[in-house]
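> Next come the chains, spelled out residue by residue.
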Amino acid sequence: MSARESLLEVDNLKVEFHTDDGVVYAVDGVSYSIRPGTTLGIVGESGSGKSVSALTTLGLTRGKRTRVSGRILFEGRDLLTLPDDELREIRGDDIAMIFQDPLSSLHPFYKVGYQLMEAVLMHRSVSKAAARDRAIDLLELVGIPDPHRRVDSYPHEFSGGMRQRAMIAMALANEPKLLIADEPTTALDVTVQAQILALLEDLQQRLGMAVIIITHDLGVVAEIADEIAVMYAGRIIEHASSERIFATPQHPYTWGLLKSIPRLDTPRSEDLVPISGRPPSLINRPSGCHFHPRCPYVRDGHKRVDPKLEPVPGEFGHEVACLLPAPLRKQIWQGLQAGRTPDELRRLVDDKPAPEAVAAAQPADEAGA
Amino acid sequence: MTPAGKPLVEVRNLVKHFPITRGVIRQKKVGAVKAVDDVTFDVISGETLGIVGETGCGKSTTARLIVRLLEATSGEVRFEGEDITKKKGAELKALRREMQMIFQDPYSSLNPRKTIGSIIAEPYAIHGLEKGEGARKKRVQDLMDMVGLNPEHYNRYPHEFSGGQRQRIGVARALALEPKLLVADEPVSALDVSIQAQVLNMLRRLQADLGLTVIFIAHDLSVVRHMCDRVAVMYIGKIVELAPGESLYGFPRHPYTGALLSAVPVPDPVGAHRKRELLTGDVPSPANPPSACRFHTRCPKAQHICSETEPPLVDKGGGTVAACHYPLTREEADSRLPAALTAAAP
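Line order of the protein sequences matches chains A and B. Under my numbering, residues 1 to 369 are what the first sequence spells out, in order. Under my numbering, residues 1 to 346 are what the second sequence spells out, in order.
No lab work stands behind these hints: they were computed from the structure. Treat the numbers as computed from the prediction; the structure is a model and nothing was measured. Just to be clear, a hint being listed does not mean it is correct.
Claimed, not checked - Label-pair distances were calculated between CB atoms; the ranges are:
| id | chain 1 | residue 1 | chain 2 | residue 2 | range |
| --- | --- | --- | --- | --- | --- |
| 1 | A | E315 | B | P300 | 38 to 44 Å |
| 2 | B | E331 | A | A247 | 27 to 33 Å |
| 3 | B | E331 | A | T186 | 31 to 37 Å |
| 4 | A | L121 | B | R113 | 47 to 53 Å |
| 5 | A | D202 | B | P300 | 15 to 21 Å |
| 6 | B | E122 | A | L121 | 56 to 62 Å |
| 7 | A | G277 | B | D209 | 22 to 28 Å |
| 8 | B | E91 | A | A198 | 51 to 57 Å |
| 9 | B | R97 | A | T66 | 51 to 57 Å |
| 10 | A | A198 | B | D83 | 31 to 37 Å |
| 11 | B | P112 | A | P286 | 26 to 32 Å |
| 12 | A | S46 | B | E82 | 42 to 48 Å |
| 13 | B | E122 | A | E310 | 51 to 57 Å |
Said to hold, decoys possible - Listing some non-contacts, in silico: residues in chain B with all C-beta distances to chain A over 10 Å:
| id | residue |
| --- | --- |
| 14 | K6 |
| 15 | E54 |
| 16 | Q104 |
| 17 | G134 |
| 18 | L200 |
| 19 | Y249 |
| 20 | P290 |
| 21 | H325 |
| 22 | P338 |
As the list claims (entries may be wrong) - Stretches of chain B that chain A covers, calculated by requiring three or more beta carbons in the stretch to come under 8 Å of a beta carbon on chain A:
| id | segment |
| --- | --- |
| 23 | 182-194 |
| 24 | 258-264 |
Each residue gets a CB set at the ideal place from its N, CA and C atoms; glycine is no exception.
Work the whole structure out from these sequences, hints included.
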C-alpha cells in the first residue's frame with residue numbers, strides 16, 4: 001500500500017480560476033491516491049470541486065486564467081507539467097474519461113462506429129478495417145445488441161442508456177489503466193443506471209483498471225467504490241473506505257448527507273434532517289472551517305481555525321477535517337443514528353466547553369486568518 | 001382496492017395519443033405516440049398519490065391531463081364528481097383555482113423580469129382576488145413566510161435566489177389560491193441533495209397543515225416512498241401496479257415494480273450486495289409498444305400468454321392492484337428488496 005504502488009497520486013492540488021468577479025478557489029489542496037484495479041468515489045454537491053479535480057488530471061482545465069499548483073503523478077510522471085502533446089498521448093489511452101451527458105459528448109454528425117474508430121486510430125497504428133473490428137468488439141463488450149449493424153448508427157438512433165454504453169466503449173477503446181467517470185449515471189433511469197453500474201464493475205474486474213467515480217449520489221458510490229472521498233468547498237473533508245464512511249462517518253457534513261436523503265432501507269416515518277443553508281460561494285469562502293455556517297455543532301473557535309485532514313484515532317485509513325474532538329463526534333453520530341435531532345445533540349457541544357480544543361485553537365489563529 | 005375516504009379526482013380510461021405526422025402542408029397522420037393509454041385511478045381527498053416510472057412512461061402527461069394543460073384524446077377526469085375534460089372559458093378558469101402545479105425546473109418556471117412579490121401575487125391578479133394593494137401584499141408575505149422565505153425579500157428578483165429557494169417560490173405561487181389539489185412534477189430532481197430534504201420536509205408539513213391532496217410525480221423511488229400514501233407505477237402509458245406505500249415497497253407484485261426497487265442503489269455498502277435483478281435492454285418506444293402485456297419483452301417471468309392476452313389490473317391482496325398474469329411470490333419479492341424493507345412489510 002505504499003505510494004510506490006499507486007497508479008495515480010494527487011498531491012496538494014490547487015486549481016484557481018481568475019474571473020472578473022474574483023478568484024474562484026475551485027480545488028484547494030486536495031490529495032489522494034489510487035491503486036491499480038480499485039475504485040475511488042468522490043462525492044460532493046454542485047460546486048464542491050469534484051469535477052474540476054478530475055478534469056485537471058487530464059489537463060482539461062488548462063487556460064490563461066487558470067492557476068494550478070501541486071502534483072498529479074501518474075506512473076511517476078507529473079501530469080501537471082507535461083507538455084500538451086505528451087498529455088494528449090496519455091489522454092484517451094492510459095487515462096480515459098466518461099462524462100455525464102452522453103448526448104452532448106457524442107458528435108451528432110458522425111456514426112458511432114466512426115467515433116469509436118477515431119479513438120483507436122488516434123493512439124494505435126492499425127488499419128481502418130482493424131479499427132472497425134475493434135469498434136464492433138467494443139460495442140459488444142459494453143452489451144449493445146447487434147453490434148455489426150449498430151456500428152453504423154448515428155448517436156440519435158441510440159437511447160440514453162445505449163449512448164452511455166457507447167461512451168464507455170469509447171473510453172475503453174485503448175484499455176486504459178485509469179477510467180474517470182464523471183456522474184456517469186445521473187442522466188439515466190434507475191434500471192439503466194443499475195445496468196451501467198454493473199457493466200462498469202464487470203469491466204473493471206475483467207480489464208483490471210482503476211476507476212474514479214464522481215457523483216453526488218451516495219447510493220451509487222456505496223454500490224461500487226472501495227474508497228470514498230467527500231468534498232466540500234474545494235476540499236476533501238473526509239476520506240475512508242466505503243464501509244467506514246457509512247458505518248462510522250466523522251464529519252458533520254457527511255452526517256448531513258446521509259441523514260438528508262430518503263432511503264429505501266430506513267423506516268418511512270423517520271424525518272429527513274436537511275442541512276440548513278446552502279453551499280458557499282467559492283469566491284468568498286467562509287472563514288475557519290468552510291462548513292461552519294451550516295454546521296449544527298459549530299463552536300466559536302471553528303469560525304477562526306481552518307481544520308486539516310487528519311487521521312481518525314483508532315480507525316486505520318480514515319481521515320477527517322473536523323475540529324470537534326473524536327469522542328464527541330462518535331457520541332453525536334450515535335445520537336443521530338438513534339433518531340435524535342441535531343438541535344438536541346447540539347447540547348453535547350455546548351455542555352462541554354472542551355478546554356483543549358479552545359487552547360489548540362489559539363496558536364492556529366493567525367494561520368486561519 | 002377501495003380506499004376509505006371520498007375521491008377528489010377520478011380518472012377513467014384516460015387516453016392521450018400524440019399524432020406522428022408526415023409532410024409539411026398536408027400533414028398525414030402516420031402513427032401515434034401512445035403516451036397515456038387507458039389509465040384509471042382515483043385520488044382520495046387529503047392523500048398524497050405518487051406516480052413513478054421511467055422516462056417516457058407517461059407520468060407527466062397524466063398529470064398534465066388532470067390539470068387540463070393537455071387535452072385528452074378520450075376518457076374522463078372527474079374533479080369532485082364532475083367531468084372536467086370538456087370545460088371551457090369561465091368554467092375552466094374557475095376550475096384552475098382548485099388545482100395548481102409545481103414544476104421540476106425552478107429556473108425556467110419563474111419569470112426573470114418580475115419580482116418575487118408579483119410572481120406570487122399573479123394568481124390573484126388573474127382571478128381578480130385580493131384587490132387592495134395592502135391586502136395583497138400582506139397575503140403574499142404570509143405565503144412567503146409559510147414556505148420558509150423571508151417576507152422582506154418581496155421585491156427581489158428570481159436570480160437572487162438559490163435553486164431550493166426558487167422551488168419554494170413556486171410552491172408559494174401554487175398555494176396562493178388555496179387549491180384543493182396540488183400536482184408536483186419532479187419537484188426536487190433539479191436540486192442538490194442537501195437542499196432536497198429542505199423542500200421535501202416543507203411539502204410534507206404543508207400537506208399536513210393545509211389538508212392538501214397531492215399528486216407527486218418522481219422517478220426517484222426513495223423520495224416517493226418518503227412522501228406518498230399510495231403509489232402508482234407506470235410503464236409505457238399504463239399503470240402496472242397501484243398500492244399503498246407499505247405494500248408496494250414491502251411486497252411488490254408486478255415484476256416491473258420488483259425490478260425498479262431492485263435497481264435503486266442503497267447507501268449501505270454492507271447491505272448493498274443483495275441479489276440484483278437487472279432488466280435487459282431499454283424501454284420500448286411508446287409509438288410502437290409491445291402487444292398484450294407491455295412488459296413481456298423484458299420480464300423475467302414472461303410466458304406465452306403474456307404476449308397474447310393483456311392482464312387486467314386486478315386486486316392481488318393487501319390493497320394492491322397489479323396487472324400481471326404471474327405476479328411475484330413472497331420469496332421473489334424478498335430477493336429483490338433491501339433486507340430492511342422486507343422486515344417492515346405487512
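> It remains to establish, for every hint, whether it holds in the given structure.
Each hint tested on the structure:
1. A:E315 / B:P300: 38 to 44 Å: holds, 42 Å
2. B:E331 / A:A247: 27 to 33 Å: At 29 Å between Cβs, range holds.
3. B:E331 / A:T186: 31 to 37 Å: Given a distance of about 34 Å, which is inside 31 to 37 Å, the answer is holds.
4. A:L121 / B:R113: 47 to 53 Å: holds, 51 Å
5. A:D202 / B:P300: 15 to 21 Å: holds, 19 Å
6. B:E122 / A:L121: 56 to 62 Å: holds, 57 Å
7. A:G277 / B:D209: 22 to 28 Å: holds, 24 Å
8. B:E91 / A:A198: 51 to 57 Å: Given range 51 to 57 Å: holds, Cβ gap about 53 Å.
9. B:R97 / A:T66: 51 to 57 Å: Holds: the Cβ-Cβ distance is about 53 Å, inside 51 to 57 Å.
10. A:A198 / B:D83: 31 to 37 Å: Violated - the Cβ-Cβ distance for A198 (chain A) and D83 (chain B), about 47 Å, lies outside 31 to 37 Å.
11. B:P112 / A:P286: 26 to 32 Å: holds, 28 Å
12. A:S46 / B:E82: 42 to 48 Å: Distance hint for S46 (chain A), E82 (chain B) holds at roughly 45 Å.
13. B:E122 / A:E310: 51 to 57 Å: holds, 53 Å
14. K6: holds, 25 Å
15. E54: violated, 4 Å
16. Q104: The assertion about Q104 (chain B) holds, with a minimum of 14 Å to chain A.
17. G134: Fine: 32 Å to the nearest Cβ keeps G134 (chain B) off the interface.
18. L200: Answer for L200 (chain B): violated, closest chain A Cβ roughly 6 Å.
19. Y249: Y249 (chain B) is in fact no farther than 10 Å from some Cβ atom of chain A, at 7 Å.
20. P290: holds, 16 Å
21. H325: holds, 21 Å
22. P338: Violated, since 4 Å does not exceed 10 Å.
23. 182-194: holds (count 3)
24. 258-264: holds (count 6)
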